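Asker: Using the sequences plus the hints, can you model the full thing?
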Amino acid sequence: MFYTASNAKLQVNGNEILASDANLSLGTSIQPNYTIRQRNTNDYSASNGIGGQLSFNYYLTGRDYFKSFITGQGEIPIKESQVLSGNFGGLTFDSGYLTSYSVNFNPNSPAIANATVTFFDQLSGVFSPTNEAAIAGTQVLNSRNVNVTHYIPIEDSTTSGVAAQPEEFVAGTYNYVAEVKPVYLMNETKPSAVSFGPKTVNMNFETDNPIGYLPIDGNTARISVDLKNDAEVVVENFTCSGLLRQRNLASAIGDYIKQSVNVTQGATQGTSVFVNNIIDSYGAAGCVGIGTTGSEGNI
Amino acid sequence: MAQIFYDKAAVQVRDLASNEGEVLMASDCSINFSNSISPLYSVGRKGPLGQLPSGPRIGDISFNFLTTITGSYFAQQGNIINGLASGIKNSTDSYASGVRITCAGVSGIGFLNSYSFNVTSNSVSSSSASFTLFGSGTFLPVSGRLAANATTQAGNVGTEGARASIVTGIGHGRYTQMPPIMNTVIYDDSVTPSSQERQTGTIYSADYSISFNHNPLYKIGQEFPTCTYYTTASESINVTEDIFDSGLTYTGIERSYVIDVKGLDPGLASSGSTGTFSGMKVKVVNAKQISSSVSVGLDDIIRSQKTLTAAY
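Listed in order, the protein sequences are those of chains A and B.
Counting from 1, position 16 in the first sequence corresponds to residue 16 in my numbering; the numbering is continuous, with no gaps.
Counting from 1, position 235 in the second sequence corresponds to residue 235 in my numbering; the numbering is continuous, with no gaps.
There may be inaccurate statements among the hints.
Said to hold, decoys possible - Rough simulated footprint, nothing fancy, chain A against chain B, three-plus residues with beta-carbon under 8 angstroms:
1) 46-52
2) 175-187
3) 192-202
Stated by the list, open to error - DMTMM-like cross-link-like pairs, simulated, lysine to aspartate or glutamate; straight-line CA separation at most 20 angstroms:
4) B:46 with A:255
5) B:46 with A:43
6) B:46 with A:94
7) A:258 with B:93
No wet-lab data here; the hints were simulated from the structure.
Please read these numbers as outputs of a predicted model, since none were measured by experiment.
Every residue gets a Cβ at the ideal spot worked out from N, C-alpha and C, and that includes glycine.
Answerer: Quick look at the structure:
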């Protein structure tokens, strides 16, 4: 029995995703067992747990559900939405983690995001086709209605670009990548925990005004994209505030000279961690370490 | 009210930078304006979420016109399209500004896509041109509404006050001659080199065309392009003769040709309004022959065709 794309609804944590395509893969880690003096074997054994990936492209319509996982997943304090459950046409998993997320901004095109959820479990349930009509009146955000604000230095100064030649942003992408590894205990095929590795956000943007300024230790830079709805209200924002890491210049016959900049941000936590006040034993606010404000510095 | 007869729907081309313009002797004109709305679908649902834009609005305008040769635009004898094509193909600047094209009150800034004309024995020469209308910044590709011209087309066509010269200022095959080096010349291999029999082709007609590639630069946050660049152009002449050029070479032979399109008044050809006018000139630089063909049909002689191309 074959089905069409309209028969398989995609849901993540119970929320329906307006995906243009979805790809669900499931794989084992089976390895052949060879013995000494043996070139052939029919003996296999699992070398790791079972798992898979759910990858899909979907239209941005407003506040994006997955963005909360960029800042929240794997961070302390642990939020409720750490784990993602998925349902694709009735086939479900319940131990998924957002491992990559990207948004493309192309001129005059619908804003489309791509998300990849990695899960460490088998699929359960049975495929149950649905027959439902599309949701009428859905507003999809378009790159025509965006506003880009930025700080991209062209020299060692606090100003961005050249005032007489403000940067034009042609197209770009917002990317998020997270490293998630399963932690298996003895006798477990489904991990009892996962460990979160580094999370990185970067933005690639094609701009004009080709220039070669790029300090060896980078330079602070920031690109922020506001997406507006038809009523010109900002309903979504993607910001990357970090270091200017790369510049690329490219030229091809019949095309204009393209310059792209890459801004990388290593910290994705929603709140900044800083020491505000120290409350001493008498309940009064004081400095960090009594007596460290003198000319001798911190003791 | 939009019942406008064709005599009130002149086609005018005007360069905004130099303010040079001409009302062409167009025989037809068509304007198209389209958007890129397409349905978006999602998995798990039957039917579209809606029909939404996936590209910019874009327009085009094309028209055929009689090859007027008495004007002078951009220091080039001939009609304004010929002057425009000559200016673009010889330009080393990539930035393109476009020209304003108006027909019956509807106008837009257009970038020349293609321009062609033909010269055939004993026939009036006709040209055609097509422009792409990208729009710019906040300006729509196509704007205005249908409105009749104040005067009839016959009253304001050509350069200002030049109606008297229009009658004889149209390219014609009677006095137009292709440059002699365009004629195919072949030699008979069966005779000794010192007495090789030489044959020179007779040209019956020539079709000239040039096409331009423009590259609009779109950016996010804006529908219409920030600017438009001219990149490359390719030019070709299809020549109809009575000799089949079997000596087509592998590397091609590079030649430059100057086509001098003349009208029916030989006197105008010698005096002209500028004193040096001899017709509308089109210079094809470093052209190479890329093909040779021959065909025959009932009640006709064998005719051969060769294609010469040049690139800019």
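Asker: Of all the hints numbered above, which does this structure not satisfy? Sort the numbers upward.
Answerer: Result: hints 2, 3, 4, 5, 6 break, sorted rising.
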